[in-house]
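A.B. asks: Sequences are here, hints too, so could you generate the full structure?
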Amino acid sequence: MLTAVLCLGGIGLVAAATLGAASKKFAVEVDPREAAILDALPGANCGACGEPGCSGYAKGVAEGRLAPTLCTPGGSGTIQAIADILGIEAVATTPQVAVVLCQGDNEKATSKYRYLGLSDCNAAQKLADGPKTCPGGCLGLGSCANACPFGAIEMTPQGLAVINRDKCTGCEKCVSVCPRNVIKMVPKDATVHVLCNSHDKGAAVRKYCQVGCIGCNICKKTVPEAYQIENFLARVDYEHHEDAAQAIEKCPMKCIHDFSTGYPAGSRLATTKPETSKQPAA
Amino acid sequence: MSLKTFAGGLHPPDSKAYSEHKAIEICPLPDELVIPAAQHIGAPAEICVSVGDLVKKGQVIAKPKGFVSVPIHASTSGEVIAVEPRLHPMGRPLPSVVIKADGEDQWDESLEQNNPENLDAEALKKILWNAGIVGMGGATFPAHVKLSPPPEKKIDTLILNGVECEPYLTADHRLMLEESERIIDGINILRKILSIDTAVVGIEANKPDAIEKLTAECAPHNITVMALEVKYPQGAEKQLIDAVTGRQVPSGGLPMDCGVVVQNVGTAAAISDAVRLGHPLVERIATVTGPGIKEPKNLKITIGTPLSHLVEFCGGLEGEPGKIIMGGPMMGQTQLSLEVPAIRGTSGLLIFRKGDFSTKPAGPCIRCGRCISVCPIHLQPTTIATYARLDMVDEAENYHALDCIECGSCTYICPATLPLVQSIRHIKGGIMAKRRKS
Numbered sequence: 001m002l003t004a005v006l007c008l009g010g011i012g013l014v015a016a017a018t019l020g021a022a023s024k025k026f027a028v029e030v031d032p033r034e035a036a037i038l039d040a041l042p043g044a045n046c047g048a049c050g051e052p053g054c055s056g057y058a059k060g061v062a063e064g065r066l067a068p069t070l071c072t073p074g075g076s077g078t079i080q081a082i083a084d085i086l087g088i089e090a091v092a093t094t095p096q097v098a099v100v101l102c103q104g105d106n107e108k109a110t111s112k113y114r115y116l117g118l119s120d121c122n123a124a125q126k127l128a129d130g131p132k133t134c135p136g137g138c139l140g141l142g143s144c145a146n147a148c149p150f151g152a153i154e155m156t157p158q159g160l161a162v163i164n165r166d167k168c169t170g171c172e173k174c175v176s177v178c179p180r181n182v183i184k185m186v187p188k189d190a191t192v193h194v195l196c197n198s199h200d201k202g203a204a205v206r207k208y209c210q211v212g213c214i215g216c217n218i219c220k221k222t223v224p225e226a227y228q229i230e231n232f233l234a235r236v237d238y239e240h241h242e243d244a245a246q247a248i249e250k251c252p253m254k255c256i257h258d259f260s261t262g263y264p265a266g267s268r269l270a271t272t273k274p275e276t277s278k279q280p281a282a
Numbered sequence: 001m002s003l004k005t006f007a008g009g010l011h012p013p014d015s016k017a018y019s020e021h022k023a024i025e026i027c028p029l030p031d032e033l034v035i036p037a038a039q040h041i042g043a044p045a046e047i048c049v050s051v052g053d054l055v056k057k058g059q060v061i062a063k064p065k066g067f068v069s070v071p072i073h074a075s076t077s078g079e080v081i082a083v084e085p086r087l088h089p090m091g092r093p094l095p096s097v098v099i100k101a102d103g104e105d106q107w108d109e110s111l112e113q114n115n116p117e118n119l120d121a122e123a124l125k126k127i128l129w130n131a132g133i134v135g136m137g138g139a140t141f142p143a144h145v146k147l148s149p150p151p152e153k154k155i156d157t158l159i160l161n162g163v164e165c166e167p168y169l170t171a172d173h174r175l176m177l178e179e180s181e182r183i184i185d186g187i188n189i190l191r192k193i194l195s196i197d198t199a200v201v202g203i204e205a206n207k208p209d210a211i212e213k214l215t216a217e218c219a220p221h222n223i224t225v226m227a228l229e230v231k232y233p234q235g236a237e238k239q240l241i242d243a244v245t246g247r248q249v250p251s252g253g254l255p256m257d258c259g260v261v262v263q264n265v266g267t268a269a270a271i272s273d274a275v276r277l278g279h280p281l282v283e284r285i286a287t288v289t290g291p292g293i294k295e296p297k298n299l300k301i302t303i304g305t306p307l308s309h310l311v312e313f314c315g316g317l318e319g320e321p322g323k324i325i326m327g328g329p330m331m332g333q334t335q336l337s338l339e340v341p342a343i344r345g346t347s348g349l350l351i352f353r354k355g356d357f358s359t360k361p362a363g364p365c366i367r368c369g370r371c372i373s374v375c376p377i378h379l380q381p382t383t384i385a386t387y388a389r390l391d392m393v394d395e396a397e398n399y400h401a402l403d404c405i406e407c408g409s410c411t412y413i414c415p416a417t418l419p420l421v422q423s424i425r426h427i428k429g430g431i432m433a434k435r436r437k438s
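Protein sequences appear in the order of chains A and Z. Anchor point for the first sequence: position 47 equals 47 in the numbering used here, and the numbering is continuous, going up by one each time. Anchor point for the second sequence: position 66 equals 66 in the numbering used here, and the numbering is continuous, going up by one each time.
Just so you know, these hints were derived from the structure itself, not from any lab. Hints may contain errors.
Simulated pairs of lysine to any residue, SDA-like, Cα-Cα distance not exceeding 20 Å [claimed, not checked]:
(1) Z:Lys428 / A:Gln125
(2) A:Lys201 / Z:Leu338
(3) A:Lys126 / Z:Pro95
(4) Z:Lys428 / A:Asn122
(5) Z:Lys428 / A:Ser176
(6) A:Lys126 / Z:Gly429
(7) A:Lys126 / Z:Arg425
(8) A:Lys112 / Z:Leu338
(9) A:Lys112 / Z:Glu339
(10) A:Lys126 / Z:Pro85
(11) Z:Lys360 / A:Gly159
(12) A:Lys126 / A:Ala147
(13) Z:Lys437 / A:Gly50
C.D. replies: Here's what the structure looks like:
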């Protein structure tokens, strides 16, 4: 009995002494700020910062290799927290959200052919440049919705991607996966957008889409500073977008949309108003 | 006696009865020919004529860019009325030369006739390149490239592909029956270029008349004709090599890696014309068939003829068309319009009516494994397709997605109608993109 106690106790003491010595000798220096930054990050591992995940970004920031402003999902709160940890001044950034610049779902826009293959926009795009006649329109097969780490993208039953502005963190995953470049990053405080991505001439657009921009210039005539027309496509100038909403009623194709009044028709969100847009800039 | 074949594959109803007994007819010239600069695998040719030029049949209108590229020729005499992007069988507008035919159909006088006996291999290859000879089975790979193996690859066998395993198509079958002397002459030229003696013509057993005729005619030339079990995709290069010689082309390799060169029988016939008559590749045999065509026919068509003209010559459309396919039903390319031109790879035009094909939506995979048992490359289509859906590029690459020959057997057999080959093709693009990046 006593022998056993002594043996085990002895082994325990020797092991404890060895481990204690080893932990002193081989200790790895960890920057305490790295752990603190990692705690402050949202933990979505979305990759918006360019690193594979949040821990890589925390390490990069602690080492001074990466800027503390790259975490778009975290927004200004996270940036402030990181700045506090690092003891530096936080810089204000404009939060960005993604928006699908298209309203031409399967009911409003025509198709060249009936697509029966893999439900993936990139696969469809390889087949004669995609089923949609419009060269820039949303294909509606949901590659962006699958890529979104935050579940912010809804596919309507009519085949159109609609991005929930409250859930979107601006990680740009959808932007990089879309084969038609129809998703653009815009300042979150801008709620008025021209929801069209076709650079074709008006006559061509009218043939394939009921809600496409025909480049008629009426919006620019109504609010000259808020719109720019390039290659038959109007775009809101996000530097001077304050009065852009005034042109909505004037647009003959009804392709200018104000998200502060709700999401485009056809979406499940159609009747909900984005939280972040309660006070439209005026 | 059991016939030779490869492992895997399947036998869809071959539906060749529509046109297999119809003799080849010459399709009259249309008023306008649209000749795209991209008609082959490799770099598209560079157009070297401009609007207003008068061209003769066989004159070069686009020059090759690089070694893996071939020139494009005017397929009739007439005036160039436009050089602009026109809708291509690939589904998008691509640079093309539009020729208004003058009706004379006059050959360019500068084309040289040659006797292959007086020429060496290099000179013969040069003639094939200048004549724009590409693989006529549909893949349109430039023939001179295939016939120039690097010196360390020893070639000992030439295989002629007379399999025509795609359902509906009968163009090669009719060619073997009606113009066998051109094929045999082409084989002799090919053997001279490769300086080998062994040549085997592989033909599926559903063409007994062609097997009988070629066996009799090939015997004096020391060419073997081998009847093969009827199975798709036997006409695919690697499967044909397996069936005829029992050799396996290594993963990622080419037929030359196991000492074989494969050419289509149509290519052999075109090679004979190119050398003996000096005629470049400006016409070919194609089958216009399917339930959506009034009178299915085998036609000798001029490259650049709009598909609508072929349909018109075959009595027009039967019923309401639902699907237009250039090539066969398994690997052919679905077309957006009948206004696209027939090109060098157009082995057939197949038209289905609405309701002739299934549009059943895809269901979940039931793990039956049929796609695995029919895959001629012995891949696991369902697994790769799952990786494709999840965008797992590395895993798909580990499962040898790049070895897929896109024959479509897996999609054909799938009881859940999953788009398997489409998924694999999609992820192949992803793998190639990843390789280009690194």
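A.B. asks: With a cut-off of 20 Å on the C-alpha distance, tell me whether Lys360 (chain Z) and Gly159 (chain A) pass.
C.D. replies: holds, 19 Å
A.B. asks: Are Lys126 (chain A) and Pro85 (chain Z) close enough, with their CA atoms no more than 20 Å apart?
C.D. replies: Roughly 18 Å between the alpha carbons, so the hint for Lys126 (chain A) and Pro85 (chain Z) holds.
A.B. asks: Are the Cα atoms of Lys112 (chain A) and Leu338 (chain Z) separated by 20 Å or less?
C.D. replies: holds, 13 Å
A.B. asks: Take the C-alpha atoms of Lys201 (chain A) and Leu338 (chain Z), compute the straight-line distance between them, and say whether it is at most 20 Å.
C.D. replies: It is violated: about 25 Å lies between the C-alpha atoms, which goes past 20 Å.
A.B. asks: Sort out whether Gly50 (chain A) lies within 20 Å of Lys437 (chain Z), counting only the CA atoms.
C.D. replies: Judged against 20 Å, a Cα distance of about 16 Å means the pair holds.
A.B. asks: Between the alpha carbons of Lys126 (chain A) and Ala147 (chain A), is the straight-line distance 20 Å or under?
C.D. replies: holds, 19 Å
A.B. asks: Checking one constraint from the list: CA of Lys112 (chain A) to CA of Glu339 (chain Z), max 20 Å. Satisfied?
C.D. replies: This hinted pair holds, its Cα atoms lying about 14 Å apart.
A.B. asks: Tell me if the straight-line CA distance from Lys428 (chain Z) to Gln125 (chain A) falls inside 20 Å.
C.D. replies: Within the cut-off at roughly 15 Å; holds.
A.B. asks: Keeping to a limit of 20 Å between CA atoms, is the pair of Lys126 (chain A) and Arg425 (chain Z) held or broken?
C.D. replies: holds, 10 Å
A.B. asks: Taken at face value, is the distance from the CA of Pro95 (chain Z) to the CA of Lys126 (chain A) at most 20 Å?
C.D. replies: holds, 19 Å
A.B. asks: With a cut-off of 20 Å on the C-alpha distance, tell me whether Lys428 (chain Z) and Asn122 (chain A) pass.
C.D. replies: holds, 12 Å
A.B. asks: Lys126 (chain A) and Gly429 (chain Z) were given as a pair; does the straight-line alpha-carbon distance stay at or below 20 Å?
C.D. replies: Measuring from Cα to Cα gives roughly 10 Å; hence the hint holds.
The structure shown violates just one earlier hint, number 2.
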